[in-house]
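S.K.: The lines below spell out each chain.
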Amino acid sequence: MQKVLWGTAACAAFLFCHCGTALAQNKSDDGLAVGRQMLAEDNPGELWIDRGNRLFREKRGPKKASLEQCDFGLGPGKLDGASAQLPRYFSDTDKVQDLESRLLTCMVELQGFKREDMVKTAISPAFSDGSDMESLAIYITSRSNGMKMNVRLSHPKEREMYKAGEYLFYRRSGQTDFGCVTCHGEGGKRIRLQNLVHMIDKKQLQEVVGSWPAYRGAHGVVRTMQWRLYDCFWQMRLPELEYASDVSIALTTYLHRQGNEAVIRVPGFKR
Amino acid sequence: MRKTRWKWTMLGVPVSIAAGCVTYPDQATTREMTEQMVSASFSAPAPALLKRLQQDPSQQICSKLGGAQLTQDEAAQVVKLARDSIKFPASGKLVGDWKVGDQLAHDGAGDRIQFGRLEQRKGNGALCQNCHALEPGEINVGNVGPPLTGYGLQRGNSEAIAKYTYEKIYNAWTVFPCSNMPRLGATGHLTPEQITHLVAYLIDPQSPLNTK
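Sequence order for the protein chains is A and B. Per my numbering, the very first residue in the first sequence carries number 1250; after that it's consecutive. Per my numbering, the very first residue in the second sequence carries number -19; after that it's consecutive.
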């Protein structure tokens, strides 16, 4: 059965060419931006940014090293604008990585931490001080504040990740038949009273990709995109999304690319 | 399996030699690669739970990129699979207790997996309130599906309506292939007995859903 279906899909396979078409620029106009600014001014997430700044420079881990030599794509220690271009391909790991998986690489390689330990604590309990990962991720993202999301897909592996993310966005499974598109494919929809972002709408998606990591009121901590995706899979009744897994990176690549040109402004603020 | 893989490789050739132009992997390659990612990206407290990630044939048809339209054949196939999936309760009675149905309809919990544990409860909540307006004046309701307020007032509680409603909840795709409404009976999220209580909640004249 499966084979027959897959065969049909293979026949329909097409060659998709994307020859440097410039994406139309959406100038975001600006009542919204002002509102965000006001929120940002007393957003508790600022504390996480300060902590992340300190952690980034501190000599830590078995190797007693700071993260100052970590390369987020623009060269060791170059943070301004780096997260705006993530996920991207890194030749040292031969992988497409998002900000959080890249941080993991550096915590392991430069500082000598154990990957499992870092993964275990990456998502913090609600109403705690947050994890090192959360603080570092929001600090590094804040160094792209005011800049525009610019995921380029110039490496073939980046394009693979992008297509995988698109496939996953529409992939339905499990006992609820949910795919991302079920809840994020139409405007004006709610699950109970929670508004659902219409992510096929570029403008709405841009509000999303420019605002993570975000301070989440209901949890009293800063949350990252890895957490957000984990939580949506939980609602879908699927198994647990592994931290920094390829599925998480594929979805982030797809969403960030679709939201290119979004102005980055963290800490975001969520319900 | 090996044979199909070979075919995909062949398909990959024209893609990699197209010069001067940025290329993306074709659909078949993307599918194979991503399904492998799916197998490697999740964990569960019991291996059997990982089966939830596998798509059944209907879900495969219902996952078109960009939400593209189904062909007539695909729609017919999904409807047929849906019709074949319907099972009725052992008792043969399709209308249960609306009070139990009321509770179920407002219950959104059950069967989620977190921190290496499966959420254990007597039965799953039915999730209706997440997506549908139910009783008049209720505020904390979703709008992914149409309002069900006054469902029985509009349609009555004939045997035909009971059967239609039972089947709709058991497998929504008998009526609208690939709609956003989950196939709650067919996927095993709800039991046939639970569905009879939900039918009662929707069509019983005593049900608060049907107050004027």
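Hint data in this document are derived by calculation from the structure and do not stem from the laboratory. Built from N, CA and C at the ideal position, the CB exists for glycine as well. Certain hints may be false.
[Claimed, not checked] The following residues of chain A were derived to be distant from chain B, with all beta-carbon distances above 12 Å:
| no. | residue |
| --- | --- |
| 1 | 1308 |
| 2 | 1322 |
| 3 | 1363 |
| 4 | 1409 |
| 5 | 1425 |
| 6 | 1437 |
| 7 | 1488 |
| 8 | 1493 |
[Claimed, not checked] Derived, one-sided and incomplete: chain B residues facing chain A with beta-carbon distance under 10 Å:
| no. | residue |
| --- | --- |
| 9 | 14 |
| 10 | 32 |
| 11 | 50 |
| 12 | 191 |
[Stated by the list, open to error] Each pair of labels, with its calculated beta carbon distance range:
| no. | chain 1 | residue 1 | chain 2 | residue 2 | range |
| --- | --- | --- | --- | --- | --- |
| 13 | A | 1443 | B | 16 | 41 to 51 Å |
| 14 | B | 171 | A | 1441 | 56 to 66 Å |
| 15 | B | 44 | A | 1325 | 24 to 34 Å |
| 16 | A | 1404 | B | 45 | 41 to 51 Å |
S.K.: Which of the listed hints are broken here?
M.R.: 4, 5, 6, 7, 8, 11, 12, 13, 14, 15, 16
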